[in-house]
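A.B. asks: The primary structure of each chain is shown beneath.
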Amino acid sequence: MQSLTNEQRLAMWLNQTGFSLPSPAEPKGLYRPVVVCNNLAYTSGHLPVDASGQMIKGTVGQDLTEEQGRQAAVWAGLGILSSLRATLGNLNAVRRVIKITGLVQSAPGFHGQPAVLNGCSQLFAEVFGPENGVGVRTAFGTPTLPLGAAVEIEAIFELGTE
Amino acid sequence: MQSLTNEQRLAMWLNQTGFSLPSPAEPKGLYRPVVVCNNLAYTSGHLPVDASGQMIKGTVGQDLTEEQGRQAAVWAGLGILSSLRATLGNLNAVRRVIKITGLVQSAPGFHGQPAVLNGCSQLFAEVFGPENGVGVRTAFGTPTLPLGAAVEIEAIFELGTE
Amino acid sequence: MQSLTNEQRLAMWLNQTGFSLPSPAEPKGLYRPVVVCNNLAYTSGHLPVDASGQMIKGTVGQDLTEEQGRQAAVWAGLGILSSLRATLGNLNAVRRVIKITGLVQSAPGFHGQPAVLNGCSQLFAEVFGPENGVGVRTAFGTPTLPLGAAVEIEAIFELGTE
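Protein sequences appear in the order of chains Y, X and B. Under the numbering used here, the first residue of the first sequence is numbered 2, with each subsequent residue one higher. Under the numbering used here, the first residue of the second sequence is numbered 2, with each subsequent residue one higher. Under the numbering used here, the first residue of the third sequence is numbered 2, with each subsequent residue one higher.
Worth flagging that the hints you see were computed from the coordinates, not collected in a lab. Bear in mind the structure is a predicted one, so any value in this text is a computation, not a measurement. Virtual Cβ for every residue (Gly too), placed ideally from N, Cα, C. Some hints here could point you the wrong way.
To be verified - From the structure, some residues in chain B lie toward chain X, with a derived Cβ separation under 10 Å: (1) S24; (2) V105; (3) A108; (4) R138.
The whole structure should be built from the sequences, with the hints applied where relevant.
C.D. replies: Put into structure tokens, the structure is as follows:
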């Protein structure tokens, strides 16, 4: 795996899983999906939008199961990759994942946010590799995400090649 | 607009809207309002304090309307500018907005956090210009902000001139 | 105090207070406790685990008092120091605290998050000194943290010596 590019690993993963990359997210307000500063790319909080453009809404532990939340986190992660590619041209410009912050729209008493967020973390580990694809992470729950989305994920990436 | 300075654009905006800059926020605990590291200025989470020093408290979607929340986000944004100016001397040292993270104290079922946060985003777009004033953003709701404040906003700015 | 090292100040503080450093946190998902990029160390959100390995769970303002929340914030802060030391070798590689983000699992109507987070902020001010140990901070409450933890704290540190 180590000699493949990020784009090749993404193509393989999409092929194996049947997921496809959503269109780059359209901002829901006055902001950009990605800003590059120094050697870092900062992304906005991305909501989970599937390949048909449908947003995955609902509260995990109530309307949605933990597994459905995990799937939503995969879509939010794919949305981040789509936005990154739109900004950078292609994902090979990414050297590694620095940080993910993930919010789960959670029912009272639901504390499985780490398992939900693993949907995004596993995607990034596949695409950027087990060494470069795993950064720090903060996960938490809240009752009220924008538009009622199931999850919201933002990330920081380091750019450049090794 | 492009040849005006940040300070000139702020003065114009204050003049047009009737807002005025609050005093630099007083920390509610053991922290600083702004820290500069490398070419970035990180700010603490700012609560909405108006020009008379009154904090705007309440839950959006319950005690406060979305529009009142939006006004609170303007005050939090002005508080950030006030703290930045106190640290940097003046706002012309800011090159661009990198990131805003905005929390809205939200009633169950209120999902209009992006519209609320636009109060701050529009302010920054006016003061730093439509190109440099718009960064990435993460917006979400939570039932419990410090002191019962309606919103809390933190930001990262790039310093330097182009 | 200024001529002591961070490690010496930590040892003194542990000695005075009777706290001891917990083992480095074990990730609850696919992430690292600390990532170093450029001259910054980013940490994951740390949950409060005491020296016996017990996680401090509960909702502040309901199961736990504000003071118990403050103690939990000390443990989360100690966990960050433990993770940092495991990554960097020792804490003398830290130049200063840039930012703390602290989440408190909060009952409805509990707004004392700043006082709770001061448990961590005071620890960092003791260990890294009153000048270098105090950075920016964002504190907020949410009903649902991972595993039901009382608090969750992440931090960014600048590395290097002056």
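A.B. asks: A separate judgement is required for each hint: does it hold in the structure or not?
C.D. replies: Right, here's what the structure says about each hint:
1. A hinted interface residue such as S24/B counts as satisfied when its beta carbon comes closer than 10 Å to some beta carbon of chain X; here the least separation is about 26 Å, so the hint is violated.
2. For V105/B, the suggested interface contact is upheld, since its CB lies about 8 Å from the closest CB of chain X, less than 10 Å.
3. Because the closest C-beta pair between A108/B and chain X is about 8 Å apart, less than 10 Å, the hint holds.
4. Checking R138/B against chain X by beta carbon gives a least distance of about 4 Å; that is within 10 Å, so the hint holds.
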